[in-house]
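K.L.:
This is what each chain is made of:
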Amino acid sequence: MPVTHYLVLSMALLIIGTVGVLTRRNIIVILMSIELILNAVNINLVAFSDYLQNINGQVFTIFVITDAAAEAAVGLGILIALFRNKETVHADEIDILRW
Amino acid sequence: MQLDSILFYLFAVQILFSALMTITRRNIVYSAIWLISTLVGVAGIYLLQGAEFLAGVQIILYIGGITVLFLFVIMLVPVSEESKQRRFSSQLWVVLIVTVLLTGELGYFLWQGADSFQMGEPTPPAEIGTVTTNSEQIGQVLFSEYLLPFELASILLLVAMIGAVVMAKARPGAE
Chain A
1 MPVTHYLVLS
11 MALLIIGTVG
21 VLTRRNIIVI
31 LMSIELILNA
41 VNINLVAFSD
51 YLQNINGQVF
61 TIFVITDAAA
71 EAAVGLGILI
81 ALFRNKETVH
91 ADEIDILRW
Chain B
1 MQLDSILFYL
11 FAVQILFSAL
21 MTITRRNIVY
31 SAIWLISTLV
41 GVAGIYLLQG
51 AEFLAGVQII
61 LYIGGITVLF
71 LFVIMLVPVS
81 EESKQRRFSS
91 QLWVVLIVTV
101 LLTGELGYFL
111 WQGADSFQMG
121 EPTPPAEIGT
131 VTTNSEQIGQ
141 VLFSEYLLPF
151 ELASILLLVA
161 MIGAVVMAKA
171 RPGAE
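Chains A and B are the protein sequences, given in the same order.
Residue numbering for the first sequence follows the working numbering, starting at 1 and increasing by one per position.
Residue numbering for the second sequence follows the working numbering, starting at 1 and increasing by one per position.
Next comes chain A alone, as it looks inside the complex (with noise of 0.2 Å):
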């Protein structure tokens, strides 16, 4: 497979993630439209490490996928306290720091 291949597949993963991240109202759905994002980037590293056979941007994929699981964990960490405080999961109704 050349590499190319990859690249597109990442390519179009990554514009997928953020176009959810850009439309959904819906926080949860925001989350986990990062998490595509980030796995656009970790098919790109490694598409780049099997083309070069050099193994570093495998070993970036693990620190990248600890970021995920630490993102994800902080993140929904405060959708939990922001749910308590204010009825809604949605983007666009959390606007209590403006008055």
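Hints listed in this document are in silico derivations from the structure and should not be mistaken for laboratory results.
By construction, the Cβ of each residue, glycine as well, lies at the ideal position given by its N, Cα and C atoms.
There may be inaccurate statements among the hints.
Pairs of lysine to any residue residues, derived as SDA-like cross-links and limited to a Cα-Cα distance of at most 25 Å, are as follows [said to hold, decoys possible]:
(1) B:Lys84 - A:His90
(2) B:Lys84 - B:Leu69
(3) A:Lys86 - B:Leu69
What follows is a set of in silico ranges between Cβ atoms, one per label pair, in the way DEER data are often shown [claimed, not checked]:
(4) B:Gly104 - A:Pro2: 14 to 24 Å
(5) A:Asn85 - B:Ser90: 21 to 31 Å
(6) A:Glu93 - B:Met75: 17 to 27 Å
(7) B:Met75 - A:Asp95: 22 to 32 Å
Could you slot chain B onto chain A? The hints should help.
P.N.:
Then chain B, alone, in the frame of chain A:
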């Protein structure tokens, strides 16, 4: 057509279709299930590229950990009431502009190909005998060259864990 190209297209179609389903489903439980399908496809892509260790990590950590976390949080949200409401926000122009820009930018680099980057030449695989398997190679690099980032990642996870617990904990004075 060789077996690995057939598998690649199979996984690619699965990933993209499931990703589209993830961001369009009305019910967020379905979104989470389609997200699992996407992540399985990405694990298959890792396997195709000889990253067996990462495929395992992807299954265990993403599907077994992060997606279950998502499903737990979804339980706190009234799903049936939620799925009757408007799904998409009304910022269509921003989405359109950002998508076109992103597609153009990434497509330009793809169209330019390898000329747009200063890419190294593919080096021959490391000599067989010392380190062979994928997880062994990763472990070797992770614990020699990337030891400090590895330890920092553990601190990051500790901070994230404490932060998540503090955020999600019920305040005694509230209510």
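K.L.:
Each of the hints needs a verdict: does it hold here or not?
P.N.:
The hints, checked one at a time:
no. : hint                          : result
1   : B:Lys84 - A:His90             : holds (13 Å)
2   : B:Lys84 - B:Leu69             : holds (24 Å)
3   : A:Lys86 - B:Leu69             : holds (21 Å)
4   : B:Gly104 - A:Pro2: 14 to 24 Å : holds (22 Å)
5   : A:Asn85 - B:Ser90: 21 to 31 Å : holds (25 Å)
6   : A:Glu93 - B:Met75: 17 to 27 Å : holds (20 Å)
7   : B:Met75 - A:Asp95: 22 to 32 Å : holds (26 Å)
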